[in-house]
Every structure is written in C-alpha cells, then in structure tokens.
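Working from the sequences, and respecting the hints, build out all of it.
Spelled out, the chains give:
Protein chains: 8
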Amino acid sequence: MEYDSVLSILRAVKDGRVTPEDALASLRWQPFEDIGYAKIDHHRQLRHGIPEVIYGKGKTAGQIAGILGAMRDGGYASALITRLEAGKAEEVNSAVPITYYPIPEMGIFGELPPPGTQGVIVIAAAGTSDLSVAEEAAVTALALGNRVERLYDVGVAGLHRLLSKHNELMNARVIVAVAGMEGALATVIGGLVACPVIAVPTSVGYGANFGGVSALLSMLNSCAGNVSVVNIDNGFGAGYLAGIINKIGERAQ
Amino acid sequence: MEYDSVLSILRAVKDGRVTPEDALASLRWQPFEDIGYAKIDHHRQLRHGIPEVIYGKGKTAGQIAGILGAMRDGGYASALITRLEAGKAEEVNSAVPITYYPIPEMGIFGELPPPGTQGVIVIAAAGTSDLSVAEEAAVTALALGNRVERLYDVGVAGLHRLLSKHNELMNARVIVAVAGMEGALATVIGGLVACPVIAVPTSVGYGANFGGVSALLSMLNSCAGNVSVVNIDNGFGAGYLAGIINKIGERAQ
Amino acid sequence: MEYDSVLSILRAVKDGRVTPEDALASLRWQPFEDIGYAKIDHHRQLRHGIPEVIYGKGKTAGQIAGILGAMRDGGYASALITRLEAGKAEEVNSAVPITYYPIPEMGIFGELPPPGTQGVIVIAAAGTSDLSVAEEAAVTALALGNRVERLYDVGVAGLHRLLSKHNELMNARVIVAVAGMEGALATVIGGLVACPVIAVPTSVGYGANFGGVSALLSMLNSCAGNVSVVNIDNGFGAGYLAGIINKIGERAQ
Amino acid sequence: MEYDSVLSILRAVKDGRVTPEDALASLRWQPFEDIGYAKIDHHRQLRHGIPEVIYGKGKTAGQIAGILGAMRDGGYASALITRLEAGKAEEVNSAVPITYYPIPEMGIFGELPPPGTQGVIVIAAAGTSDLSVAEEAAVTALALGNRVERLYDVGVAGLHRLLSKHNELMNARVIVAVAGMEGALATVIGGLVACPVIAVPTSVGYGANFGGVSALLSMLNSCAGNVSVVNIDNGFGAGYLAGIINKIGERAQ
Amino acid sequence: MEYDSVLSILRAVKDGRVTPEDALASLRWQPFEDIGYAKIDHHRQLRHGIPEVIYGKGKTAGQIAGILGAMRDGGYASALITRLEAGKAEEVNSAVPITYYPIPEMGIFGELPPPGTQGVIVIAAAGTSDLSVAEEAAVTALALGNRVERLYDVGVAGLHRLLSKHNELMNARVIVAVAGMEGALATVIGGLVACPVIAVPTSVGYGANFGGVSALLSMLNSCAGNVSVVNIDNGFGAGYLAGIINKIGERAQ
Amino acid sequence: MEYDSVLSILRAVKDGRVTPEDALASLRWQPFEDIGYAKIDHHRQLRHGIPEVIYGKGKTAGQIAGILGAMRDGGYASALITRLEAGKAEEVNSAVPITYYPIPEMGIFGELPPPGTQGVIVIAAAGTSDLSVAEEAAVTALALGNRVERLYDVGVAGLHRLLSKHNELMNARVIVAVAGMEGALATVIGGLVACPVIAVPTSVGYGANFGGVSALLSMLNSCAGNVSVVNIDNGFGAGYLAGIINKIGERAQ
Amino acid sequence: MEYDSVLSILRAVKDGRVTPEDALASLRWQPFEDIGYAKIDHHRQLRHGIPEVIYGKGKTAGQIAGILGAMRDGGYASALITRLEAGKAEEVNSAVPITYYPIPEMGIFGELPPPGTQGVIVIAAAGTSDLSVAEEAAVTALALGNRVERLYDVGVAGLHRLLSKHNELMNARVIVAVAGMEGALATVIGGLVACPVIAVPTSVGYGANFGGVSALLSMLNSCAGNVSVVNIDNGFGAGYLAGIINKIGERAQ
Amino acid sequence: MEYDSVLSILRAVKDGRVTPEDALASLRWQPFEDIGYAKIDHHRQLRHGIPEVIYGKGKTAGQIAGILGAMRDGGYASALITRLEAGKAEEVNSAVPITYYPIPEMGIFGELPPPGTQGVIVIAAAGTSDLSVAEEAAVTALALGNRVERLYDVGVAGLHRLLSKHNELMNARVIVAVAGMEGALATVIGGLVACPVIAVPTSVGYGANFGGVSALLSMLNSCAGNVSVVNIDNGFGAGYLAGIINKIGERAQ
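Chains as they are written, first to last, in numbering that gives the first Met the number 0: chain A, 0 to 252; chain B, 0 to 252; chain C, 0 to 252; chain D, 0 to 252; chain E, 0 to 252; chain F, 0 to 252; chain G, 0 to 252; chain H, 0 to 252.
Certain hints may be false.
[As the list claims (entries may be wrong)] Partner residues aside, some chain C positions facing chain A, computed with beta carbon under 10 Å:
1) GLY126
2) SER128
3) LEU141
4) MET180
5) GLY204
6) TYR205
7) GLY206
8) ALA207
9) ASN208
10) PHE209
[Claimed, not checked] Cβ-Cβ distance ranges computed for the label pairs, FRET-style:
11) G:ASN170 x H:GLU84: 35 to 45 Å
12) G:PRO114 x H:GLU90: 31 to 41 Å
13) C:PRO113 x G:ALA193: 16 to 26 Å
14) E:TYR99 x F:GLY57: 18 to 28 Å
15) C:SER93 x F:GLY57: 36 to 46 Å
16) A:GLY86 x C:SER93: 31 to 41 Å
17) G:PRO114 x C:ARG16: 39 to 49 Å
18) H:HIS165 x D:SER93: 32 to 42 Å
19) D:GLN117 x F:ASP14: 48 to 58 Å
20) D:SER93 x B:GLY61: 23 to 33 Å
21) D:GLY68 x E:ALA193: 22 to 32 Å
[Said to hold, decoys possible] Below, simulated BS3-like cross-link-like pairs (lysine-lysine); rule was C-alpha separation at most 25 Å, straight line:
22) A:LYS164 x D:LYS164
23) G:LYS13 x A:LYS13
24) E:LYS13 x B:LYS13
25) C:LYS13 x H:LYS13
Don't read these hints as lab results, they were simulated from the structure.
A virtual CB, placed ideally from N, CA and C, is assigned to each residue, including glycine.
Structure below.
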C-alpha cells in the first residue's frame, strides 16, 4: 500500500500534475502529528492493527489527556494507558472518558475489539503478590481482542495446584507465566506444554531476589525450549506479545 | 487421548479384565526409557510433534550415539543435536549416521519434515560474528519444518542495509533478531514490524559487553512491545520458539 | 602567560625588587579564594573561558547564595547551578538574582554569552521521560554560547520519526543523544552521521534497566565508532562537552 | 569430656603432682600437629566423629601424601580427598594407598564406616551434566556411613520423570537437589516433600547462567520453606551436611 | 495412604459401585479449596505435619483474615503469619483471634504444639540489629514444637562473648546463625560444632554490604563444611528448617 | 597479665585456697556484662586503651541511654556513639549527658583524652558533599587523642587546590582521603606522600557511581602502594584506624 | 547531494525519460555490495570522508583479504583493520598488501591521508601495560590524517611526570587518556585542560579491577566536566573520535 | 628540603649567578629519567626511603633488565620486582643479578636493609592455598627492613589453631590477615588485637567466591574497627603498607 502511494506521486509527476520539487517534499512527509511534548503516530494503528499504547508513568494527567484528545480527533478507535495511578486516572477521565482497571493500573480509551472466537491465552501466576503484573498482561491481551483464561496462585511449591489445571494449560495457544522469587513456574509449564510460553519475572520477593533478578535469570536459563522472557514486571509486553502470537492462528484461518 | 487410555484401564477394571492392583501399577507407568545415564522421553515427540533435542555439550560421543541408537530403536523419526563439535560429530556419525552443520555445530539424525508452504521466519543478524548463533536458529527452525529467510550483516550502525530489506521484514510471520554489542537490532526491527520478534543476545564484543550482558539488557528493555528474549547465544531456543509460533498459523488453516 | 608571570617574578628577584624569600611565597600563591565550605577558583573562568559551574545537590540554598555572592564580588560574569530544586532556587534568587529553568532544574547567574553564529548542536532524546536530562544538556550548551536544536521523542521504536529529521542530524557539528531503556538511539544516530555523538544514558525505565545500566552498557558497546558516553542522567556533562567541541570549529575560524 | 581433662589437671595441681606452671602450659596445649605446610587437627575426628577432609585443589600430590602419611601415623581411620585430579590421585596412591572415584574426582583413604541401617539420603540431579557434582555429594554421604539413593536426570522440564520417583522422594530423610541452569528442581522437590532439602546450584549452563549464579539465586529465593543452599558446585558440602542431618535420626534411636 | 485411597476407588470400580467415568473424575479431584484470591491446601498440614504458613506482606488484612477463616472452618489447628505489620495484625485479630509477636512481626493462629522434650535449637545472632530476623527464626521454631535457646550479641569481633557460650553451642542439635555485615559468625560457629548450622545473612550494615550480599557470599563460601544458607533476612526459613531437622531426632526415637 | 591471673588461680588451687571445681568455674568467667539487649565488654577499654564505640543506627534512644548508663556505672571514662540522628541524640542527652556533633551525627560521652603532642592526622576530602564522612573521621580521631588537620574541597579536578597544601600533606604521619564519584583523591595523595593513606569511598555522586562502588573500586585498584581502603562512607573506621596508627609513633617514643 | 540525485530521478520521470515504475525501483537502490559474508558500504567513505574500518577479530584472513579486494576493486583509497593478529596479518598481506603495526595489532591498506597542519591530539597513557590500547588510538588518529603526540607512562601515582608535560597538554586540541586500574588519569587531565578528553579504560590490573570495570566507573564518574568515555580497551574508538573532533577545527578554517 | 633547593636557585638568581631564564628552566626540571618505555623516578627512593618497585607482569625480561640496569647506573641500592615468573626471572638474572623467591614470584635486586630491631609484623594466612599471597606480603615487608612473623594455616574454621597463637598476635605492631573464601580471618583477628590489621582478600575458592569478591566484601564490612583492606591478591600492597606503618614506631624512637 505504501508503495502504491509513492507510485501515485510518481505518476502525478509524470502527468505533470505535480512538480518534481513538490514530489520531493511529499516523499519526505511526516506520518505523525507533533503536539509539542509527544509525537502521535497516526499510521501505527493502521500498520499494526492494534490500539495505540501510552506509557503513563512520568507523564502528567494533562499530558495524557492531551494525547488522548489528539487521538480522538485523529479518528483513533481505541488506546491503552499503562502504569496509570488511580488519582491520575480520575483526572484523565474528567477530560477524556476512559475505563479504569485499578489492579493493573491501566486505562482504556474507546471501544475494544470483540474477543476472537478461537485460541485461548492462559495467564498463569505463581502467587497472590504477582496479581497486578498478571492482570496487566490479561487486560492487555483482552484489549487486543483475545480470549483469556486466568490461572492464579499456581506456584510450583504446591505442584498439585498447577497439575490440576493440566487441561487448561494443554488447550492454550500461548501461555503467559508470571512469577517472582525463584521463577520456576515458567520452566515447569514450558515442560508440560508444546505451545509458546512468555515468561514475566516479577520483583516479588526480598533479599537475594534483587528486585526480580532471581526470577529473570531463572527464566532466561530455562531448560524448556519454548520459553522466552520479557522485562521484570512487564505484564503489558507479555500480554501484547501473547496477543499478536494468538492472532497468527486467527488470521491464518 | 491420555484420558482415553486411563478410561480404558478403568473400564478394564470394571470388566474384571484387570485387577485393581495391576491398574494401580499401570497408572504409575513411566513414559520414558532409562538407559542409565539419560532418560529418553518416548512420548515427547508425540506430545509436542517435534524432533527430540540433545544438548551435545558435556556429553561424550559415545553417550550421544547411545541416545540416538535408543531413539532409532524406539522408532523416532528424527532428532537434533546442538553444541556438537566437529570431532565429536564425526565419531557419532560413524556409529549412527547424522547430517552435520559445522557453523552452528549442529547434527541432525533422520528425515526432517518438509518445510511448510506458508509463513516465513526471518533470521536477522547484526554482524558477521553473530553468524554461528544465527545459523543455530536457522537450522533449528528448518528442522522443525519451517521456511526460513536469512538477513545477515544488517546491524543498525548502517541503517540503510536493514531498511533495504524492509519487504522481507514486513512479510515475516515471526522474526529472530540476533545481535551482540549494543543489541539495538531487536528494537529497531521491533519498531518496524507488527509480528513477534524473538531477540537473541550474543556474547560478541569485548570489555563492557560482559559476555553478552549489554545486548541482553538492551533487548530486555526494548521500547518495542513485540520483543521477547532468550538466553545469551541461545540460537536454538529462538529458532525452536520461532518454529512453533510460525506453526500456529499453519495449524490454524 | 602563566610562564610570563613567573618570569616577571624571577626578573624582579634579579633586579633586587623582590627578595628570594618573598618570591618563594609568591610562587606558592593560591589561585582560589577560601570561603570556608568551598574553594572558588578565580582562575578557572580565565583559563577555560566558560562559566563556573556549581553542583547544587547536597548544598543548602545559603551555601549556594554564598558562593554566588563571592563570585559576583570576584567579578565573575556568569555561573551555572545544576540539580537545583525549585524551592531552593527561590531562596537563592532572593539573595542573588538568578534565572531558573524548572524542567532541568538549573539556575543561571549573570549574563550568558550570545550564541555563536556557526555550528549547531543537536540534542536528540528518545522519549518524553528523557526530557529533563535532555534539557539539562540543552541549557548547558546554550549557556556556553552555542546554537542548539532540539529533536525530542525520536526513539528508534518508531524509526520514521528519527529519519524524518535526517537533515537536522546531517547539519549538526556535534550531537547529544539522550535515551533510557535500551539506549539504541545513540548507535542509530551514530551510524547515520559523521560528526561526534555524545551519548547520555538515562535512568528512565524499570526492572532490568537497573537505574540506567541497560542504556549505559548499550551505549558503551555501540558498534558506531563516533560515540562516547557520559554518566547516567549526566545531561550537564554532555551539554558542556558538546559545547567545547562545537567551539573548536568556531575558534578555528 | 574436655572439661573432665581440665578438671584432672586441676586436681593434679591440688594434689601437688603438677606445678601450677606446668598446668598452665598444659592448658595451652595445641591439639594439632604442625607439618610445616599444614596443621593436622588430631582431635577433629574425635570431636566430630567423621573422617578428616582434605581439599585437594591447589595442593601438590606430595603435600597430600604427606598429610595422609601423618594422619596414618596419627592413627586416623579414614580421610576424604576432594577435587583430586586423576593424575595426582595416581601419584598419591603410589605413596599412600587410596580408593579413587573418577567422576567426582575424590579419593578415600582407609576404611569407610558401614552404611547405617536407617534413613536414606536421596541425591536428585537435574541433568546429565550435573553428574559430577551429584556424585561428589553421594560419595561424601556414603563415606560418612549413610545410605544413599541416586535419582539422576529428573529435571523439571520433563516433570513426569521426577513424579515417577515420588515414592523415593517421600521416603527420604533428607534430600540433596543438584541443578544448574534455572535450578528449579530444588523448589519443586521442596514443595513435594516434608524433609530438609539441601540445594546445590551447579555451574552447568551458558550465557546468563553466569557460572551458576542463576541457579544459586533461584534456590536462595525458593518459595518452599524447607530448602537451604550451599556454594555453587559444592557437592561435598551438601553430602556432608546431608550425612550429619541423617545421623541425627540414627543417633537419636 | 494416598495410594490406599486410589486403590479404594479402583476397588469400587471393580465392584460396580462407581462407574469408570466417575472414577476418572475422582482421580482428578483437587485437594485444595479455592477462595478466589488464594488456594488453601487442606492436605498440606496432614502431609507435612506442621502449621500452614501465610506470607503476610502484599496481602491485605482482609485477605489474611479470609484465609484464616477458611482454615478455621476447614479444621486447621494452627497457622503462622509472617511479615505482618502491627497495624494489619490488629485488623486481622479483630476478625480472627491471633497472638502477635511485634519484633519479628509474626502472628500465630490457634494452639501451638508443646515443645518437644529433646533436642535444642540454638539461635545465635551477631548484633542487636539482627534481632528481628533472629526472633523470626526463634518464633517459627517454637511454633513447630521445638525447644529454643537464644544466644544474642555474640558477634565474632568480640570472640570471648561467643566462646563463653561454648557449652550451649556444643549441646545444640542444630544451630541457626544470624549475622549481617561480614557474616563471619556462621563459619566460626560451624568450625566449633559438629551439628548442622543454618546461616541467615541479614541486610544489616551499609555501603559495600549491598543489602546483605556481603554476609550472603561470606556464608556461601564458608570454609566450614556443616553450613548451609537461606535467603537474606529469611529468619522464617531458617527456623522452619531447623525445626524439621531437629524433629528428625525426635521422630526417630 | 591475663596469664598472671590464670596463674594466680592455679596457685590458689595448689594452696588449697580454691577447690578445683571452683577454679574451673573461674576460668570460664565471662568478661562482659549482659543487660539483655546488648553485652558490654568491660575489658575492651583496658585491652585496647580506647573509648567504647556504640553504633547508633538501629538502636532506640532508650537502648543507647541504657548502654551508656551501664558503662558509666561500670566506670568507663568515655564512649563514642556513631550514626546518631539529632532527634535521638537529644533524647539520649536528657538521660545521660553527651556532647553532640551534628554534621557527622556523632555523640561523645565522658571526657576525651587530650590530643597527643606529636604526629598529625590529615583528613583530606574531595568535595563539599563528602564533609559529613570526613567529619566522622575527624571527630573519631580527635576522640582517640590525636591531632587532626582538615583539608577539605581539594578534589583532583582542580589539582592546584590540592598541590597548594603540599606541606600539610608531607608533614602528616597518616592521611585519611575521603572522596566519592571517581575517588581519584586517594591515589593522587598516595603518590605524593610516603606515609600510610586510608581511603574512604563515599556514596556521593549519582548514576554509575552505584552508591559508592565507583570510588570503592577506584581506591582498591590504586596504583599507589601505600593506600588501603575501608567501607563506603565509613568515616569512623578510617578515623579510628588513623588514630591507632598515629599512636604507634607516640607510644614508641 | 543525495537529494539532488533523487531530484534528477524525479525530473527524468517528468521528462518521460524514466517510467514511474523504474523510478520506484531506483529509489530503492541498495548503496552497498553484497559479497556473501559481509556487505561493503561503498558510500560510507564518501559520506564520512574517512577510511573504511574492518574489525579483524572473528574473521578469517581469507575473509579480510576478500573484503579488502572488493574495496580495492571498488576504488577505495584506504582501509583500517583492527584487532588483527600478526599471523593473520601475514596471510592477508600475501593476498592484499597492507602495512602492519604489531603493538596495537592493526593493519592499514592503501595510502593514508597526510597529517593536517593544525591541531594536535595528545594520547596520554598511565602505564607501560596500557601501551597497546594507546597505540591503537594513536595509529587510528594518524590514519585519519591527524597530528599525534604521545605521552606515555604518566600515571597519577607519580604526578610530577604528568605535570612536567603541562605544555603539551595545554596545546592539545583534544586528548585521549588511557588508563587501567583506578583510571584517575582522565580526571586529573580533565581538570588541567579546557579541551575535550576522551577516556579509555583498560583491562590492565587484577582482582577488583574486574577486567576494566574499576577504570570504567572511575572515568564515568569523573568530577571533571570535559570527559567522556568509550568501551574498555577501545583504543580505536577513542582515536577515531579524537580524529573527527580535531578535524572540526581543521574543516572550519 | 625541596623548598631549600628552590630557595638556592632563587638566591643564585639574586646574586646574578643564574639568569632568570635558566632559573625558569631549572624549576621545570624533570626528576626522572626517560628510557623510552618507562620513566624511572630517581627521587622516589630519596623521598620515600624505600626500594623502587617494578610490577613485572606485562613487561618482558628485557624491559625489566633494562630498568634495573638504569637503576644500578643511577646509584639505586635496591629494587623489588613483583609478579615475576620463574622463567623470566632467570632471564633477568643473567643480565642483572637478582635474588628470586619462587612462591611469591618476586625478585630482589641489590642489598636489602637490615631488619629493624623493634616492632614485629605478623602475617597470618587462613589456608595453604593463600600461601603465595602471604609470602608476597612477607617478602615485601622484609625487603623494607622489617621483622616478620608468619602464622600460616590459621583459618577460623579451626579456631583453636588461631587462638593458640594468641601471644604472637598480641605482640604484633601491625598484622596482615590473608584469607580467601569467606575471609572471616580479618575480623576475628581484628577483634582480638588492638593494632592495625591490613586485610588481603585472595581469589582462593570457587563458585560464589567470584574470584575473591566474597572475601573482599567480608573484609570491607568487618565489624572490627581496626581493619582496612587492599585489592584481591595484593600481598605486595599489604606488606608495603604494614612496613611503613611499622616504621612509624621505629622512626619515632
């Protein structure tokens, strides 16, 4: 498609409708809108077929509302805001209506796509303390139009809890494994299933967990071959990636 | 299926064909063969639909040949041996015929599945020194029956080399990005495409690369949302994961 | 010049105008003023041709005002105060007037030199969150009498944003590249241009960014040969260094 | 007992059989023999009831033989030599006869105690590459007179292999869990059993295993409460500790 | 026992009292109760013979009270709550009565078992600042029905304080050594006694103690063979492990 | 002397004035007083000839006052309290009078010894922010009866400031060099003088100073042979050590 | 210029000399030659005005000779090969003549530009062991047509050696400071001069230098504002950067 | 004295015996000889009263012999060569006679000063493997004219071995404590004695000793106030420092 538009310009040059100088300018056209403190990429949604994402931390409620406003005006259907504290969310909401999820501290603007009819993403979390990261993954995957099944509190120190969910694991098209401390959940699940497992180390723990390093290293060194890893506490990234992997199956049909 | 066989046992108990005591023993049946120094998992191939994988490092040629022999006798169609030095490969080959790939130091036993007709895995590597890791990913993906396209020497310090391959990147169903040093390739590709990117940090570099830590951290902190990471120099893991992700599309059809 | 003054002293000794004992004392003269808690280097401005710089963090408003007062009395034209919180800045200002820049938390005392007519320093920043560090570099470079062009929110995950600024990058005499997370911006810019690039890793990010280590290592391992690095969040150092590099061109004319 | 001997000395003083000055000397008696390059602790065996242990690495064959000779002359029943390479072992053996175990590179001098009749120590190892560390633990525990059961190649990526050994695990009085890479074995076993688990991280793996740090951190952060950890590759320490824990049960009877 | 119940089911199938389909369902029965945010393992107490443990940090008072309520209804005799702040403890107490220990911040629900008549656990702590961790170990060991002797402020920089407690150390069946800073206490005690020593590094110290890493590494590298290590500040784990090791002696009788 | 007292006891046994049993008890006498939360070492002052030191951090004002009270009752001439916040100091002072030094946050109880007449300790500090650590060293050295000369704000980035103090440096018997950031002060001074230099890294700085690690490593790797290092921010240790080194000269006279 | 050529193409389209379709192909032209294992960037030399650089490590002599041959055929005037061992250099030379520098292990192909008439780069090195890194910087800077002055063995532990070279330092346009161990040289020089200082940490040292980390951190935390840092042992990068900074002065004239 | 010589020059200027221009040159006289690859500091011996030291590692035998030759010609009485392998030592010896010590790999050129009559330096080492580092300290201290007493194999895991040497420890003027693994020796000795203790961490150990980091951190965090630390394996530095501290007592007499 992009090549078509370049071709159109070139044909307009041929036909004399556009001068070479103007064509040159057009070819250098910027596909985003500059609102001063942030550049909104109007083509991203088209190119990637997914909602725009705003990293809320470090931005003021005013800035976030401003970006959302520009998006709305630009015809965006939906947007995700991550790491958005409750107080800030309320402020944003008074300017541009959003739906707020307090546990993963996320906001959603606009209409979400309906969940696909095929392919389930399982979000497995080791402990109660890993919940907010797991929910960040779950809400993200839902926002991308995926079906999601949550398996929480299935840490490997009580293996029967995990094994009792064997069916759910085997039916998943992709699994997100969320764990802090020793992070063994990802490897154990990876060994049980044949589908891709996205491991999310969390900073849950204390002492020699070094803010999530123990789980991170554990997951990177997994002896299961179907495990890949995202950053510590990066529930969003895992949910996003799970979403687009699951969509491969959907689109292929 | 597994439940079917359990049900069969239970029905045999009901019918009196099997005593409860024997049924108990059957239910505790071990689905692997013990050859002394290693347990071969005869069900893995069925369950996962992929060749068995042997990690060659730290095993003698005799041990590897022994494992392959047991597999052959067990009716395995194929197997992959990773981290297999040339000398050891020759020894193995004289006992059990294998095909050897010297650059990624891999061996393959048996017939590989034909490449699927749909879905391309792009393996992109930043520099010439990253070649062996990239090839480990490529051969692994091929061995799993995938189509593979290699884009080598496309490091971001010469961005036009990467951008000239824009079409190949856009057409991929999943991309493996292999890079050492500053590891920026994964993020740059992640920003260009919408498909999943599996990042492989390599130990290529010196000084403050700390044996691959620089690339590893760079990739874990990618500001692109579609990037996940495997262990340093783990070409096999990336190729394997890319293969099963690509197959999601194939199977779904 | 310094040698001239030593020679003058020696000649005065020869002529009997100064005793050897007094000459010895003179030769040990201290070129700075001691105000108790800090030594002000009255010769620095002459020697280096640039404003004196005060690191505000860990000093009280009273101490800063005291140093500025001594400078004013010593005939200093200007001074920069870095890491100066808004509240403290107000206190300082009530004692010694300063101009305050809230985003980089900097204060300037006295008259700044007019910007040079040649040579542009480009300050490129990856994300909105890197703004305060980028502005520290920008204000510092301006305070040294340089022309500055800001390119903000040009992170490599949206490469077209950076490439659309190709002209500005090519025209720079020196570039400051500010980025957190995976810090890839420095390498990508380094590969596009031929001029020196000063990379500033920022602590922006979370988890395995380890307070800026990911970006720091990424930049130190850049595969572009024209990149050097300053400390994490050290916008001042980068702006200062960019300023004196740019002045090499100016002075040479 | 030690107090008894002090009391005897004091009583001899009282009775005039020993002068106060000689008593003082006796009280300062050194309970070890100095052979120049090493001090042999003749009381250790009595006090601790276990063979003396010699760390072979960094000592010459001559030094080791010298220490063993002095022990034999001092009436020692047995001694263990760890980290003893095959070549050095042969040299030692020609001077003082020892039994050599090539896989854990250990030597044993003298008669070992017969294995106790009660209490089994299970040594579980994740992979074939962890064998030498596991055997160091096994041989050490045996040398201390314990019954040992080995469960090798039971890594958690193939969970059924471990679960098929459920009975052996449940019957153990203490378990040594040996694993490299992600080190999850310790936690999974810890969750299955009620007895103490001594975890031994190994340096097996590559890349981000950092020579065993990944397994070490994983084990230190185990969410199972009955797991403690020894140094990387320290099979000896684990076997030793398992042995004295197991003996608590034996002695108590 | 578990096998007995499986056998019963199988026998009921044989006798026609249970259909194979129902048996299959029974065999997949989940031995825990799901109360939404946490799964309570009703079999753990039976299997392990010890109170259930709740990690209080990161759970609300309401969640903790809920878990305790479900336990009480499920017939649990007792439970331990660790890392429970005073304020939260008060809230919990108003819903479900608990006994609260403010120094180690622990709560106990229900009746504790009476202390065993044999086998003493010594809890040795280096400094006053290590007290809360030492008390976490002590209260845990007591809650498991052990006899405990505390030796506090016996750091090795004043060796005579430790040596004056020689008798207490020699009489212990297992010792917990708690120390921060250079963590030498574990090694010095390990060399004095023949029983197992569980070392607990604490985060006490500053600068290059790196939050407990100095003591942790010191303890992992102990040149005494009878020392194993738990996580930094993990008094609970050490007390728990000491308790079950001590019980080996008791049960054996 | 200690041996004399043992001899006296033994002689009393010989003379029948003391029974062997009582003698045994005496020989096990504890040379410290136990006040519950801390053991006061009444012999330390005699043995070491220096004031007792109390580490204030992590102790309540009540505990500190209690320890001081016991000391006073035990006849102690003086004591030092380090890391004592102003508020707590006030509380302590109302119970037991102390002199408080706010910058290094230290308190002194009792009469300090008069400064020696010979041997000067120079305390050199790189920047204004290193002041509190430098003062901790200075006050400690003074409290031990040493003469102290302070050279502050002599960081090596303005080398002439340091060189102008050449005489003071050359006249020192021992030097304490306090510096954060790149910590180069210790090496530069070490190269200028022949006396021992005790280096104190401080946590002053940001980013890649990693809380003082940069200065610590710099000082440990000093290419000057007369430099040794204490913990980050450990002004007390440096002042204490400088004091006892300086006293070697004094005592020798 | 590049824009000119695009404009030419567009004008040819307008004139009908080129079809839009062919223009589109031209606009996607790849500005490099693919020789299989490496892509040679024929435009780099033009764009950057400097010799092409080949990183020799990890490439065979045959590969290097192949790249040089393609360059020669492509009309390249000169090329630099870094990290080229003597043996490999000989092999390369027999295929394509190069000049070899054994200490920095570099090779140069073709004619170097004559040194500029203005602007001196000073290469200062702390110790004899830093020589090879310093020479890598020196030869690189010379190869780019710069004047170079070497100041070797001027480490700060013997400050007078450095200070005796005060004039040479003051006359430099840019300085490269090479040091291992505590790396203080960069800061001391940075404080003496007003020009940019490029610091190169080396891996020289042992123990807590951690392969160059001590010098690296020291330099990153320099309290001198005109210091930036390159990777450990990266003499090439420093020489390259110094060269292009020095050229700013030359070009500006 | 240096000031005297400057004064002499100034007086000569006054008297007309020296022109101001010549005086200026004299004042800038370089107090070292340049022999191409190293600068020999002829004044160091005078200034510091101790032998010159040559770091042998990384220098060829020819370079070392050259430096020694220049020293001999320059009238040096003696010199120390550290880290000198046996083979290289032989080569050096054939050119310039040296005495060689194989265990610490040190060479001595010229006549050593006779040992002082007062003040003993105790070198205490934990294990046999720490011997070479301990001997480096011992030989260095001897070469500086000190009396040395060696206490080897006194590691804290066998505390009685150390305590049996109580007298020797108490009589020392300064102690060097050499230990690897958990490095507890320094703290235990520090608590026993009142004199300065210089701690030398060694790289002895494996796994989580991280090449000496465990002992280094242990020693830096010593809870004994009289301990300072040098680099890992830096026996030379410790012996040197102990020597000059011991001489303080000698000189003072």
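Hint-by-hint comparison with the structure:
{"no.": "1", "hint": "GLY126", "in the structure": "8 Å, holds"}
{"no.": "2", "hint": "SER128", "in the structure": "4 Å, holds"}
{"no.": "3", "hint": "LEU141", "in the structure": "19 Å, violated"}
{"no.": "4", "hint": "MET180", "in the structure": "9 Å, holds"}
{"no.": "5", "hint": "GLY204", "in the structure": "8 Å, holds"}
{"no.": "6", "hint": "TYR205", "in the structure": "6 Å, holds"}
{"no.": "7", "hint": "GLY206", "in the structure": "3 Å, holds"}
{"no.": "8", "hint": "ALA207", "in the structure": "5 Å, holds"}
{"no.": "9", "hint": "ASN208", "in the structure": "8 Å, holds"}
{"no.": "10", "hint": "PHE209", "in the structure": "8 Å, holds"}
{"no.": "11", "hint": "G:ASN170 x H:GLU84: 35 to 45 Å", "in the structure": "41 Å, holds"}
{"no.": "12", "hint": "G:PRO114 x H:GLU90: 31 to 41 Å", "in the structure": "39 Å, holds"}
{"no.": "13", "hint": "C:PRO113 x G:ALA193: 16 to 26 Å", "in the structure": "20 Å, holds"}
{"no.": "14", "hint": "E:TYR99 x F:GLY57: 18 to 28 Å", "in the structure": "22 Å, holds"}
{"no.": "15", "hint": "C:SER93 x F:GLY57: 36 to 46 Å", "in the structure": "40 Å, holds"}
{"no.": "16", "hint": "A:GLY86 x C:SER93: 31 to 41 Å", "in the structure": "33 Å, holds"}
{"no.": "17", "hint": "G:PRO114 x C:ARG16: 39 to 49 Å", "in the structure": "46 Å, holds"}
{"no.": "18", "hint": "H:HIS165 x D:SER93: 32 to 42 Å", "in the structure": "41 Å, holds"}
{"no.": "19", "hint": "D:GLN117 x F:ASP14: 48 to 58 Å", "in the structure": "54 Å, holds"}
{"no.": "20", "hint": "D:SER93 x B:GLY61: 23 to 33 Å", "in the structure": "30 Å, holds"}
{"no.": "21", "hint": "D:GLY68 x E:ALA193: 22 to 32 Å", "in the structure": "26 Å, holds"}
{"no.": "22", "hint": "A:LYS164 x D:LYS164", "in the structure": "21 Å, holds"}
{"no.": "23", "hint": "G:LYS13 x A:LYS13", "in the structure": "5 Å, holds"}
{"no.": "24", "hint": "E:LYS13 x B:LYS13", "in the structure": "5 Å, holds"}
{"no.": "25", "hint": "C:LYS13 x H:LYS13", "in the structure": "5 Å, holds"}
Checked against the numbered hints above, the structure violates only hint 3.
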